[in-house]
Amino acid sequence: MEPLQLIVQQGKSVLECTKDLKRIAHKKGKDRSKVFERFTANKHSVQVYTNIDASIRENNHVQNFLQKLQSFSNEFEPARYDFEGEVNVSQVEELYPQVIEAYNAMVTELGQSSEVVNFKYFK
1 MEPLQLIVQQ GKSVLECTKD LKRIAHKKGK DRSKVFERFT ANKHSVQVYT
51 NIDASIRENN HVQNFLQKLQ SFSNEFEPAR YDFEGEVNVS QVEELYPQVI
101 EAYNAMVTEL GQSSEVVNFK YFK
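Note that the working numbering numbers the sequence shown so that position 27 is 27, with each residue one more than the last.
These are computed hints drawn from the structure, not numbers from a lab.
On a predicted model such as this, the values are computed, not experimentally measured, just so you know.
Just so it is clear, CB atoms sit at the ideal spot from N, CA and C, and this is done for glycine as well.
Hints may contain errors.
To be verified - Have a look at the derived ranges for each label pair, beta carbon to beta carbon: (1) 117 to 90: 31 to 39 angstroms; (2) 3 to 85: 33 to 41 angstroms; (3) 44 to 78: 13 to 21 angstroms; (4) 111 to 86: 39 to 47 angstroms; (5) 83 to 60: 21 to 29 angstroms; (6) 111 to 28: 21 to 29 angstroms; (7) 112 to 29: 19 to 27 angstroms; (8) 54 to 89: 19 to 27 angstroms; (9) 54 to 26: 17 to 25 angstroms; (10) 78 to 41: 27 to 35 angstroms; (11) 94 to 117: 13 to 21 angstroms; (12) 2 to 60: 32 to 40 angstroms; (13) 89 to 2: 35 to 43 angstroms; (14) 111 to 37: 27 to 35 angstroms.
From just these sequences and the hints, can you work out the full model?
Have a look at this one:
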């Protein structure tokens, strides 16, 4: 599989995790931790795949998507090692559409506009 297809495929996987995390952000405990762990693994895969090809790695839209994912991830930092850690749910809800928008801009810029996701589906 080409690096571009890997990034798009993994990008969708991380969006699914992002959606699940947004839905469960207000909950505490093991379930949220499991979803965050899956999100982190998928985010890491996206980061690895972007490093395969320098032109992809240096693309501003790719970098913006990675930054939005990191900002979203940072909101779950209190829960990373503490099942009961407090997450700023309103900030998660504010960042969530930014992640989707960044993904859509990235895939469009990379010539994969057929991979744009419908925000309503990811609500």
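Checked hints:
1. Distance hint check: the CB atoms of residue 117 and residue 90 are about 23 angstroms apart, inconsistent with the given range 31 to 39 angstroms.
2. Checking the proposed 33 to 41 angstroms range against residue 3 and residue 85 shows it holds: the Cβ atoms sit about 35 angstroms from each other.
3. Range check, residue 44 to residue 78: about 20 angstroms between beta-carbon atoms, so the 13 to 21 angstroms window is met.
4. Distance hint for residue 111 and residue 86: a CB-CB separation of about 41 angstroms, consistent with the stated range 39 to 47 angstroms.
5. At about 37 angstroms, the beta-carbon gap between residue 83 and residue 60 misses the expected band of 21 to 29 angstroms.
6. Hint check: residue 111 to residue 28, Cβ distance near 42 angstroms, so the stated range 21 to 29 angstroms is violated.
7. Separation of residue 112 from residue 29 is about 37 angstroms and departs from the stated range, judged on CB atoms against 19 to 27 angstroms.
8. Between residue 54 and residue 89 the beta carbons are some 38 angstroms apart, a value that contradicts the proposed interval 19 to 27 angstroms.
9. Between residue 54 and residue 26 the beta carbon distance is about 40 angstroms. The supplied range of 17 to 25 angstroms is therefore violated.
10. Restraint check, residue 78 to residue 41: a C-beta distance of roughly 19 angstroms breaks the suggested window 27 to 35 angstroms.
11. With their beta carbons about 19 angstroms apart, residue 94 and residue 117 fall inside the hinted range of 13 to 21 angstroms.
12. With their beta carbons about 21 angstroms apart, residue 2 and residue 60 fall outside the hinted range of 32 to 40 angstroms.
13. Under the hint 35 to 43 angstroms, the C-beta atoms of residue 89 and residue 2, about 38 angstroms apart, fit the expected range.
14. In this structure the supplied range 27 to 35 angstroms holds for residue 111 paired with residue 37, their Cβ-Cβ distance being about 32 angstroms.
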